[in-house]
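Residue numbers (our numbering), protein chains in the order written: chain A, 1 to 102; chain B, 103 to 273.
I should point out that these hints are in silico values taken from the structure, not numbers from a laboratory.
One or more hints might be untrue.
Said to hold, decoys possible - Pairs of lysine-lysine, DSBU-like flavour, derived with a Cα cap of 35 Å:
no., chain 1, residue 1, chain 2, residue 2
1, A, Lys101, B, Lys189
2, A, Lys88, B, Lys264
3, A, Lys88, B, Lys126
4, A, Lys101, A, Lys88
5, B, Lys126, B, Lys264
6, A, Lys88, B, Lys189
7, B, Lys231, A, Lys101
8, A, Lys101, B, Lys264
9, B, Lys126, B, Lys189
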Amino acid sequence: MITAGLNEYLIISAVLFCIGFLGVLVRRNTLVIFMCLELMLIAGTLALVAFSRFNGTMDGNVFVFFILTVAAAEVAVGLAIIVALFRKRHTVQVDEFNSLKH
Amino acid sequence: MGQILFTCFAAFTVVCAAGVVFNKNAVNAAMCLLLALVGVAGLFVQLDAYLLAFLLLLVYAGAVVALFLFIIMLLDVKGRHAVGFNKVAVFAGLAAFALLLTGLGTFVARGQLDTPHPSNVPAVGADLKDYAIQLFTTYLLPVQIMGFLLLAAMIGVIVLSKRWEGLDDIK
Numbered sequence: 001m002i003t004a005g006l007n008e009y010l011i012i013s014a015v016l017f018c019i020g021f022l023g024v025l026v027r028r029n030t031l032v033i034f035m036c037l038e039l040m041l042i043a044g045t046l047a048l049v050a051f052s053r054f055n056g057t058m059d060g061n062v063f064v065f066f067i068l069t070v071a072a073a074e075v076a077v078g079l080a081i082i083v084a085l086f087r088k089r090h091t092v093q094v095d096e097f098n099s100l101k102h
Numbered sequence: 103m104g105q106i107l108f109t110c111f112a113a114f115t116v117v118c119a120a121g122v123v124f125n126k127n128a129v130n131a132a133m134c135l136l137l138a139l140v141g142v143a144g145l146f147v148q149l150d151a152y153l154l155a156f157l158l159l160l161v162y163a164g165a166v167v168a169l170f171l172f173i174i175m176l177l178d179v180k181g182r183h184a185v186g187f188n189k190v191a192v193f194a195g196l197a198a199f200a201l202l203l204t205g206l207g208t209f210v211a212r213g214q215l216d217t218p219h220p221s222n223v224p225a226v227g228a229d230l231k232d233y234a235i236q237l238f239t240t241y242l243l244p245v246q247i248m249g250f251l252l253l254a255a256m257i258g259v260i261v262l263s264k265r266w267e268g269l270d271d272i273k
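Same shape as in the complex, but just chain B (with noise of 0.2 Å):
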């Protein structure tokens, strides 16, 4: 059951993830980020990281796939651009495919990790508590800072958006 479970979300997850590059229109890329990181979601699910697979789909599926489709309306970036592939940027972009490809065919060919068998190993992703214990522990300091990157941000998204009359250096 979990082997079926993982193929279906495995390749749901890739399908939609092709979509995302190959689809011309930035707002169906957009719905495709979006079932892309559901896949992504499921996948954490099976692996017992229940609250990122939740956060993932808050934060991701809610907070920045909305921000994307806000933004490509705000745009409004229709099919005037309609310019297809550049010919050398598809040449090279196939080339770099190919070769990380290739590394990874090398991996699944000799690369076999040794590695338990989950049963055998504690889920301890799955506790909401060890996220508590952690966080407040041993990761207390790169919370804080995480806090003050939050707080970088805002502040640069609005320096960047506000409009800047009469300064006309920066503008």
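Isolated chain A (complex conformation) (with noise of 0.2 Å):
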């Protein structure tokens, strides 16, 4: 399929990037911050799939093949630590856990 050129997937990569950096400055739910830094790590695979694709090499996609997989192990480690920290402080807004602040 003829796709568009590198130079906008790589935009679009970095778009992405940027609406989930400013959504891990921005939000305060831990919760929609881990979902935001996901987004970043998509971010991420999409710029290695654009440069993997338009060198005519392999080693891009079999990176992003172990992206997900890192990307998996660590959404379910994260979520157990809210969890976690859920049961002990009974929130998942940032400005709680500020044990480490005072």
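Join the two chains into one complex using the hints; note that each chain is given alone, in its own frame.
Below you can see the structure in the form of structure tokens.
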């Protein structure tokens, strides 16, 4: 299939990354922050796949394969940590998690 | 045709990603994330990475978003904590966003990469056989390490979610 150029894909990837970054900084809910982190990860994979396609190599694609695996493990552990935190503090707002601050 | 599809999927992805950030309700944010992932999978298909698009839908849209929804329902985080956005954080976030966008604008303005037309490059990611050959020859060790990583993650999750009765120091 004839696609758009590499630059367009990289721009979309960068815009996605920016949106995820904004969400991580602005949002207060730990779960939503975690979702925005996933968004940033996906932006990275999009850039990898685009580079791989336009270079005619397999390495980027295989790397994305591994990134998907790691992301699945990361989500499982991260959500378990959030649940453990919620059990202890009864909130998921990052403003309330300030034990290390004081 | 490809250009139109690309524009549709790209706009869809960006709008849904913005929905993740600006939705007050966590469930709606998760749904927006799901749609954004579908958009990215469409972009993957246009890049001839069919397996990765399928895996993205299967692993992310299937498992990860379902896990997010499950945890949101489990913790029942309703609007009772509807604190508005922190002003300093919003300012810092917007400033960082503007900085990144400026970098992006610079890239668009003068950093045009000289790339070959995609029809001149073989679509190596389209064939399942290529993945199999790579994963079982060059990347055999990383595959095994991934297996151990998944095992470690599983054990970690079990340890984290277990209630440690009587062990007050790690509770």
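Hinted pair A/Lys101 and B/Lys189, Cα distance within 35 Å: holds (19 Å)
35 Å limit on alpha-carbon distance, applied to hinted pair B/Lys126 and B/Lys189: holds (16 Å)
Restraint status (C-alpha distance of A/Lys88 to B/Lys189 at most 35 Å): holds (28 Å)
Hinted pair A/Lys88 and B/Lys264, Cα distance within 35 Å: Holds, at about 13 Å.
Holds or violated: A/Lys101 to A/Lys88, with C-alpha atoms at most 35 Å apart: At roughly 17 Å apart (the allowed maximum being 35 Å), A/Lys88 and A/Lys101 satisfy the hint.
Given pair status - B/Lys126, A/Lys88, alpha carbons within 35 Å: holds (24 Å)
Distance restraint between A/Lys101 and B/Lys264, which requires alpha-carbon spacing of 35 Å or less: Given pair A/Lys101, B/Lys264 holds - Cα atoms ~27 Å apart, limit 35 Å.
Pair hint B/Lys231 and A/Lys101, alpha-carbon separation not exceeding 35 Å: violated (52 Å)
Satisfaction of hint between B/Lys264 and B/Lys126, Cα-Cα up to 35 Å: holds (31 Å)
Hint 7 alone, counting from the list given before, is not met by this structure.
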